[in-house]
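Enquirer: In case you want the letters, here they are:
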Amino acid sequence: TQLLEQSPQFLSIQEGENLTVYCNSSSVFSSLQWYRQEPGEGPVLLVTVVTGGEVKKLKRLTFQFGDARKDSSLHITAAQPGDTGLYLCAGASNYGQNFVFGPGTRLSVLP
Amino acid sequence: ETGVTQTPRHLVMGMTNKKSLKCEQHLGHNAMYWYKQSAKKPLELMFVYSLEERVENNSVPSRFSPECPNSSHLFLHLHTLQPEDSALYLCASSQAKLAGGTYNEQFFGPGTRLTVL
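In order, the protein sequence lines correspond to chains P and H. Under the numbering used here, the first residue of the first sequence carries the number 1, and numbering increases by one thereafter. Under the numbering used here, the first residue of the second sequence carries the number 1001, and numbering increases by one thereafter.
Since the hints were made in silico from the structure, they are not lab data. None of the hints are false.
Simulated crosslink set (EDC-like; lysine to aspartate or glutamate; CA at most 20 Å straight-line): (1) K56(P) x E1105(H); (2) K1019(H) x E1084(H); (3) K1022(H) x E41(P); (4) K1036(H) x E38(P); (5) K1041(H) x E5(P); (6) K1040(H) x E5(P); (7) K1040(H) x E38(P); (8) K1041(H) x E41(P); (9) K1036(H) x E41(P); (10) K1036(H) x E1105(H); (11) K70(P) x E1105(H); (12) K57(P) x E1105(H); (13) K1036(H) x E5(P).
Example chain H residues on the side facing chain P (calculated, C-beta under 10 Å, incomplete): (14) R1009; (15) Q1037; (16) E1056; (17) S1094; (18) F1107.
From the three backbone atoms N, C-alpha and C, an ideal C-beta is built for every residue, glycine too.
Given these sequences and hints, build the entire structure.
Expert: In structure tokens, the structure reads:
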């Protein structure tokens, strides 16, 4: 059974600080997605990483896929209150249509 | 707007009621999903439909009954629910790829917040 772990589980920081959250597994995934979810809403796809070692940037967010395609990190520079939310990672296999979700990191950015 | 809509957004029902949740995707995808998200618990996959056929049912109680009449619509019929079924129910869609194809991405609707009294 494929499992994804995320750390930290909770993170509360001040506006302007930098942070990194992690997504780890013992399984290899063909791709990995990062989502942000706000209370009472569905997860919104931020990025998909596919190639081992790949780095993608989305404004102040930097996503990295591990060389072995088993782990990923999300780094936020100069966090803002609008970054507050639940960050989920999800791994996908190359075949079929199944996705594995991590439990999420709940981020709170205080003004 | 992700291209996946869900109605209703909020639903309160008694344990003896029968109701249905609706999901519609406008992305041309061929796979649709129902997830349950409870407080402080990871997303739980309930059902997967690919090409309108159910391909996975993660041992969900029979009081939840899915229906996928076509590739754009997905329903979740509810009857005789329990208070512990109160949760956010999320629908998602993706374009299932054949072996060797490009990667999968899943897009979610806004969810239906269900409260069972």
